[in-house]
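Fit chain B to the supplied structure of chain A, relying on the hints for placement.
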Amino acid sequence: MERKVCYVCGKDNLSKDEIGLTKKLLNKNIKCFYCFDCLAEYLEVDTDFLLEKVEEFKTQGCVLF
Amino acid sequence: MIYADNAATTKISDSVFEKMLPFLQEQYGNASSQYSLGVKAKRAIEQARQQVAVAIGAEPYEIVFTSGGSESNSWVLSSVNNGHVITSSIEHHSVINSCHSLERKGIDVTYLPVDSKGRVSLDSVKEAIRSDTRLVSIMLANNEIGTIQPIAEIGEYLCGRNILFHTDAVQAVGHIPVIVEELGVDFLTASSHKFNGAKGTGILYSRNGVSLPPLIFGGEQERGVRAGTENVAGIVATGYAIEESVKDMTVMADKLLAFVRATIYGIRAKIPNIIINGDENNHLPGIVNIVFDGATGESLMHLLDLKGICVSTSSACASGKDEASHVLMALGLTEQQAKSAIRISYGRYNNMNEVKTIVAAICNAYNKILSVKF
Chain A
0 MERKVCYVCG
10 KDNLSKDEIG
20 LTKKLLNKNI
30 KCFYCFDCLA
40 EYLEVDTDFL
50 LEKVEEFKTQ
60 GCVLF
Chain B
0 MIYADNAATT
10 KISDSVFEKM
20 LPFLQEQYGN
30 ASSQYSLGVK
40 AKRAIEQARQ
50 QVAVAIGAEP
60 YEIVFTSGGS
70 ESNSWVLSSV
80 NNGHVITSSI
90 EHHSVINSCH
100 SLERKGIDVT
110 YLPVDSKGRV
120 SLDSVKEAIR
130 SDTRLVSIML
140 ANNEIGTIQP
150 IAEIGEYLCG
160 RNILFHTDAV
170 QAVGHIPVIV
180 EELGVDFLTA
190 SSHKFNGAKG
200 TGILYSRNGV
210 SLPPLIFGGE
220 QERGVRAGTE
230 NVAGIVATGY
240 AIEESVKDMT
250 VMADKLLAFV
260 RATIYGIRAK
270 IPNIIINGDE
280 NNHLPGIVNI
290 VFDGATGESL
300 MHLLDLKGIC
310 VSTSSACASG
320 KDEASHVLMA
330 LGLTEQQAKS
340 AIRISYGRYN
350 NMNEVKTIVA
360 AICNAYNKIL
370 SVKF
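Protein sequence lines, in the order shown, are assigned to chains A and B. Residue numbers are given in numbering that gives the first Met the number 0: position 32 of the first sequence equals residue 31, and the series is strictly consecutive. Residue numbers are given in numbering that gives the first Met the number 0: position 79 of the second sequence equals residue 78, and the series is strictly consecutive.
Listed below are the simulated DMTMM-like cross-link pairs for lysine to aspartate or glutamate, each with C-alpha atoms no more than 25 Å apart in a straight line:
| hint | chain 1 | residue 1 | chain 2 | residue 2 |
| --- | --- | --- | --- | --- |
| 1 | B | Lys367 | A | Glu55 |
| 2 | B | Lys198 | B | Asp4 |
| 3 | B | Lys125 | B | Asp107 |
| 4 | B | Lys367 | A | Asp36 |
| 5 | A | Lys15 | B | Asp321 |
| 6 | A | Lys27 | B | Glu322 |
Please keep in mind that the hints were generated in silico from the structure rather than gathered at the bench.
This is chain B alone, in the form it adopts within the complex:
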């Protein structure tokens, strides 16, 4: 199998897996227990909190562990109880659907447009701000096309305006430098399994002095704002995974960028009329989103799956309902183009031979689809 869907999830790192394993077996104590087994679990959580804080330039007490990116995003958005919220039209569904929920409660939401490369402009943020704007939530990097948003610019503008600023950095953390102070954000979301950590563990950075209402009531875990017995093994994995990702980030970024370039070059040599979505100058290193004229992304994805290659289509096709991606539509693509796209997302464990195999398989699958009689 060749796995090239690392924007969906990643394989847990071997060394990270080794670090988390004892907390599922020998060190399985409840971190709230007073005896030694519990204290060891508690220490492991606090060490992970420290590792995460160091990785994003925060203080440990500004980090809360959650169940994942969707929970962190939903928590921040759902904390707004009046006024106006600004977000972008290409956010992850955990943000978009949280905003829809706010609208049902009578809260106004502005969905900012993006340009053809998927970028939100600072000017559009400025224009959308109202006297009752409570929160701006813009993702750091898009999961479908990899475009990186001007978060630091927006953060600088919002500073001192009494408007909270949240960024969904799920696709960015562990892949590009993310320092909360430089971004000027009040809240930041990340997810462990996107950087070779464990599924079921998320991160919510909440700037010192900015409080959120409790999400889950119960014990005093996570300073009482998110009660419930901690996922110790997942949290430990998160700490080591973020440390590992940040450590070799530059080398990894160069490698992934080379894979993406080889992919585009290789496919374009055989299929010249492909369209590459995203912003070449502000882009995550490992993601490439390509439109194939005359073929659906779903067909391509399934034919590659038959050959043991995992890539993603942007459309929601599992139920047979063929919905075009809201992200690609926001770029100005036609519905047909949006349905003709696939996303290839490389990760730590890919190599150039796999890239060559993927390129050849895509060209072959594309020809198969176009060769059939309609």
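One chain only, chain A, in its complex shape:
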């Protein structure tokens, strides 16, 4: 599988959760991905808050994570 890098900071090898969260929050067809920190900065929320959201989505059974 192709390695994904953060569109903003260039962080390499983004995790499945980082890729899934970018898709979940911005667009399922997105080709540019964000690491947790850059996504949090873009959306003006705390990184920890986004991590909580990831757990919520997993609880809901979302297949993106």
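Showing chain B alone in chain A's frame:
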């Protein structure tokens, strides 16, 4: 938190909560018990039945308490055991899936189309009627787009035709005037938590002389058609909540309509190409359903959630399966448009400052979504 998903559920009213609380603690008797504690519970249930009956213009003995709207809807639909049923293509899943169950039993079901505003026409009902039509079930107001159906017209037409008429009024009761006699219905469904009552309590109006087969066998509760120890606290809450909602319905409707107009005006000023779904002239006061070109409703909903704002998307997204709303598709929207919609539904506890915050947050979230590189 700003809660703007009142079509999904509502916060229980403070005064209603106070009224139901004793029945969870001090007055916890079983309404079937013969001693004083039980009799008090029984009286409280009958008082609630009276309150509900008055609110919808029925007689108390025509009211049965259930566990919610889905149970009431399923009960009515499942009572059909042969012939033909007519419903609309934009019903709640409790009706749609009950109809699918009937079809598996060999019963024919006609799903009437709606126009681009979500209205069923009387002509389409007339055309669909067959000699073996047993039941027509059309919702009073739609949960996703707020469109109000011509139930009284349909009821008038069906009167004397030996066809039972049911309306799912879950979104309407407590929000717009609902009088069963004027609607000409045999059955009507309502749900307590949609009008600031308690979850887990529903209403089924069944016109005098029209009987349903028992749903649950056991004791003599609810005249023996729905056995089981009553949810006394929930039923008490239902009685007070419907009374309270009907009492200030006009004032509340004006307030909610102002919120909806401010929302549409505010968003349109920044995002001119939004599409408003529903029927402007026949509409529940607090619901607005908006399509945002280029963004998915799911993304918008989640970005608003990050800001502490609760709205709803019409698509089923919890599992990651991205299904478009059957209601929006029935209006003639493309799948992409249907997936780009959110529903904002205001309620008793919202205020204009919250509306302004929601408008600003939506415009901001929309820009965030459109600004990312695809």
